[in-house]
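Okay, here's what each chain looks like letter by letter:
There are 2 protein chains.
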Amino acid sequence: MSTKRIVVIGGTAAGPKAASRAKRLDETAEVTLLQKASALSMASCGYPYYVAGEVKDRDMLLATPAGVVRDSAFFAGAKGIIAKVSTEVTGIDREAKTVAWKRVDTGETGLLPYDKLILCTGSVPKVPPIPGRELAGVTTLTSLEDADRLRELAATNKDEKTVIIGGGLIGMETCEALVAAGMDATVVEALPQTLSFLDPELALLVQNHATSKGAKIITGVGISSINGQDGKVTGVTLADGRELPCTLVIMAIGVAPNTGLAKAAGLALGPTGGIITDERMRTSDPDVYAAGDCVEVKNRLTGEPMLAPFGDLANLEGRVAGENAVLGDTATFPGTIGSGICKIFDFTAASTGLSEFRAKQAGFDVVTAINASPDKPGFMGAKPVVSKLIADAKTGRILGFACVGLGNVNRQAAEMAMAILGGLTVDDVAMADLPYAPPFSLAIDHAIATAHILQNKMRGLMRGQSSIVAKSRIDNGEHPYLLDVRGPKEFEEMRLGRGETLIPLGQLRKRLGELPADKQAPVITYCKVSMRGYEAQRVLEANGYDNVTVLEGGLVAWPFGLEQ
Amino acid sequence: MSTKRIVVIGGTAAGPKAASRAKRLDETAEVTLLQKASALSMASCGYPYYVAGEVKDRDMLLATPAGVVRDSAFFAGAKGIIAKVSTEVTGIDREAKTVAWKRVDTGETGLLPYDKLILCTGSVPKVPPIPGRELAGVTTLTSLEDADRLRELAATNKDEKTVIIGGGLIGMETCEALVAAGMDATVVEALPQTLSFLDPELALLVQNHATSKGAKIITGVGISSINGQDGKVTGVTLADGRELPCTLVIMAIGVAPNTGLAKAAGLALGPTGGIITDERMRTSDPDVYAAGDCVEVKNRLTGEPMLAPFGDLANLEGRVAGENAVLGDTATFPGTIGSGICKIFDFTAASTGLSEFRAKQAGFDVVTAINASPDKPGFMGAKPVVSKLIADAKTGRILGFACVGLGNVNRQAAEMAMAILGGLTVDDVAMADLPYAPPFSLAIDHAIATAHILQNKMRGLMRGQSSIVAKSRIDNGEHPYLLDVRGPKEFEEMRLGRGETLIPLGQLRKRLGELPADKQAPVITYCKVSMRGYEAQRVLEANGYDNVTVLEGGLVAWPFGLEQ
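Chains as they are written, first to last, in full-length UniProt numbering: chain A, 1 to 564; chain B, 1 to 564.
Calculated from the structure, these hints are not laboratory results. Please read these numbers as outputs of a predicted model, since none were measured by experiment. The reader is advised that the hints may include incorrect statements.
Heads up, the list lumps identical chains together, so a pair's fine if it works in one copy or across two of them.
What the hints assert, rightly or not - No more than 25 angstroms apart at the CA atoms, straight line, and that leaves these computed lysine to any residue pairs for SDA-like: (1) 4 x 36; (2) 126 x 516; (3) 97 x 279; (4) 383 x 439; (5) 471 x 255; (6) 383 x 345; (7) 471 x 242; (8) 216 x 109.
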């Protein structure tokens with residue numbers, strides 16, 4: 001067998017993984033990794049923490065767990081891989097099976113032959129055509145150089161004001177990093193909410209928390225221009241005419257697959273703009289694989305192609321591409337369900353599977369439930385979490401789960417991602433056997449309790465609605481009777497402030513006479529988290545009230561402000 | 001419809017849950033809860049944290065998340081349930097459908113009729129027939145009164161020595177509680193290891209940690225007697241003749257189902273000694289349900305009945321029993337996979353599904369892998385975790401997962417419990433899409449990486465062995481060539497100390513000449529976690545060495561002491 005020549009383009013996440021896997025599975029292969037930047041294997045997901053100063057040492061973003069920086073010498077020695085940095089690929093000749101490269105420092109050029117090529121060209125930040133985007137002071141946070149620059153700024157220019165355009169994951173993480181570093185940062189998001197992977201009930205809770213920590217957030221309005229003087233940013237003008245003075249603008253609209261090379265080489269791109277591959281990560285050319293942010297992948301829940309530019313998937317895709325390039329299509333990548341998590345100050349926000357919005361968009365008939373609870377028993381120093389469970393109305397199959405809060409969202413989201421991957425139903429999760437001890441979870445795990453709520457809703461035992469639906473019913477003149485069933489002390493500390501009546505659950509059976517005489521009149525019950533609210537609904541229904549609904553998640557999940 | 005009378009015996013976990021669920025689903029039912037103890041709904045899993053002083057306020061063990069103590073008045077008012085405490089049930093007449101009760105304080109007696117009865121009589125601590133077990137100073141940690149007594153002792157008698165008989169979950173948690181409270185505590189376990197739900201490689205790591213924190217652990221030897229003077233404990237004598245002076249002995253051998261009432265009433269008990277129920281939690285009498293520690297449940301992996309006295313399952317079983325008692329068998333409890341987690345000082349130890357030992361006992365042909373890694377990227381302040389994955393050799397179906405360490409074991413165990421419940425295979429987990437961001441996990445989640453290792457082993461790409469197998473090969477004169485492929489600095493700080501050779505991975509390809517000339521000679525490779533150890537194995541095999549194996553988990557998973 002002659003030596004197989006594997007060329008990998010791109011050295012951030014998918015590329016090094018593909019190259020390493022290929023070499024491990026075929027020590028005789030000649031594996032070459034070409035990287036345009038000067039660094040390799042950058043932990044780009046760590047940039048916000050580096051900007052915030054939480055990651056002290058820049059090298060840690062580039063190092064193995066043993067502390068060795070992953071440079072060309074490391075790849076040569078430890079991995080047996082030829083890694084060429086500062087080397088841009090300028091073209092691919094699929095006939096001749098060569099790539100043309102150019103040193104960005106010296107200008108040197110050359111051709112490199114391959115037997116199998118793996119494209120891991122990543123993504124590029126989207127920069128919308130806003131006037132002024134060319135001004136000095138307009139940047140992104142997508143490269144290590146960006147991160148260096150922002151870290152420097154955050155450390156030295158604390159008085160400057162920053163506007164972040166885009167309230168997605170990167171925008172919110174960047175905002176947190178700057179505020180944590182002591183800067184003044186405003187997120188401007190054109191959509192009505194930030195973090196569009198979350199349904200609004202949960203996104204609003206995250207926004208409230210970010211705002212309470214000093215972040216400024218403006219939603220529902222775009223940017224009409226970035227303004228400047230002497231070539232430097234002085235502010236932005238919003239579509240509604242408002243002016244925000246600032247000296248730094250960070251574009252965080254999102255990223256687009258970097259497909260210039262693939263397109264020029266005539267490889268098929270998909271409807272999302274990403275490179276099309278099959279399950280083996282093989283492009284339209286059987287000798288060319290692709291992995292990472294530059295490809296589109298299958299959403300396992302909808303079957304539709306989507307872009308999923310996440311570091312974890314890049315690694316898995318790279319592992320598959322690297323293996324198949326040397327062993328000949330023995331591995332498959334099954335696609336994504338769309339799982340993400342982020343830290344926003346003391347909050348964690350996570351989502352796996354489809355949001356209600358996206359599930360409906362994909363044509364599912366869905367049922368949902370919202371649950372608020374502590375993350376573990378009160379005696380263990382619990383913190384609240386709020387989650388939303390989305391399931392298929394017909395089969396009960398879990399389609400999505402989102403969770404936010406100060407508590408342990410991480411466990412909840414990870415376990416529910418596995419539940420979705422396993423095709424579990426609401427009934428399955430309702431009876432799941434998870435590890436329990438007081439330091440780690442509630443005896444009835446939060447997500448299991450969320451499944452109990454949804455199961456109760458699906459069976460008509462509980463009638464609930466989200467904060468958003470409840471608010472619109474209150475605002476739109478339906479005049480529901482708002483029944484708070486907490487204790488008087490709880491009520492004194494904090495309440496809805498919308499004309500509610502307090503009847504503690506423990507007195508409800510005796511005080512039914514205080515409710516509206518008309519048993520068809522709408523009643524909304526709730527408590528702190530609406531467990532007691534649900535019990536109140538059951539009591540009222542048993543007593544003939546038949547228009548009773550529960551405010552799901554209670555006051556903990558109410559994002560519209562409480563009266564104190 | 002006449003009022004349905006539901007009687008629930010037992011008021012700790014399953015009982016209150018069953019009663020509450022029954023009342024919520026049928027407000028017209030008359031639900032009576034009979035409890036022998038004076039307290040209700042005790043968070044018994046919290047006792048160790050209460051003894052340690054971590055839980056300050058005793059009422060928190062008895063309170064709702066809103067801080068209301070769950071006493072009889074609470075049950076009457078909020079739940080509509082008649083809860084009678086200090087009321088022992090002395091007999092069940094299944095013909096007459098009555099239970100006979102007796103007030104433990106006043107001696108008053110009476111009969112209570114039922115339409116449906118739910119037995120939640122819990123468990124009793126096992127007390128083996130060791131001479132001296134009747135001495136003052138011999139106790140258990142199974143009731144709130146036990147917890148009160150131990151907390152008092154731990155607070156006031158710090159100089160006393162304690163011996164804990166039994167190194168299971170409760171024994172180790174109790175030991176931690178006492179050591180954390182500043183006492184001298186020794187666990188004596190007759191088996192060769194503590195925490196028998198873990199395979200020994202992982203149990204030894206936990207023991208090492210506990211010992212480093214001041215716990216004393218003696219394994220592989222039983223207690224022959226508890227000794228005393230004037231009716232009070234003065235020490236214990238071990239089976240090997242050793243004497244341990246102490247003034248307190250805590251029996252933590254485990255618990256047995258409390259089935260006296262059920263047995264006397266002629267209900268069927270199973271081979272494990274627990275009450276037999278069907279999936280609906282119905283006993284051999286269709287009008288009697290049972291839930292919680294007193295029942296035996298189906299192990300979903302082996303199909304065999306087992307005892308699973310855990311608070312989370314008690315709640316789920318109680319929920320099913322309570323529903324079925326009023327609605328007529330609409331709910332089912334599918335059984336357990338055996339999931340548990342515990343905190344041992346700064347370590348967390350968790351297991352879900354079967355250990356290798358138990359899987360083999362159940363007749364499975366298993367494959368396993370051990371993985372050690374940080375729990376998140378190094379730049380985020382990572383802590384190590386070590387896991388073991390057990391799968392069916394034929395189908396690749398995950399049978400078990402255990403994880404221990406200073407890092408985030410909780411997420412790993414919860415997600416893998418769901419993976420087992422979903423019937424996922426090693427290949428499925430290897431390509432799982434889990435939420436990732438640097439504060440929460442590695443880009444390739446630890447459990448996914450463990451699946452990668454097992455996948456590599458199943459495909460013959462990686463040849464590994466556990467620390468225990470490697471140690472026995474070293475000890476038994478096989479003289480394997482021990483190849484440490486870390487860096488010189490790492491080697492200097494800490495090493496195996498068994499005659500190993502250091503050749504850093506980066507130099508291995510050039511220094512093959514230093515290896516044994518006989519390419520059939522046994523070589524064991526490793527590094528800190530054995531990722532590089534695996535790469536070394538691949539390099540050596542590609543160069544003709546064909547008896548190379550990897551020490552799985554590397555030095556991090558080596559529980560037999562390292563040379564510093």
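Worksheet item: Against which earlier hints does the structure fall short, listed by number upward?
Response: 2, 5, 7 and 8
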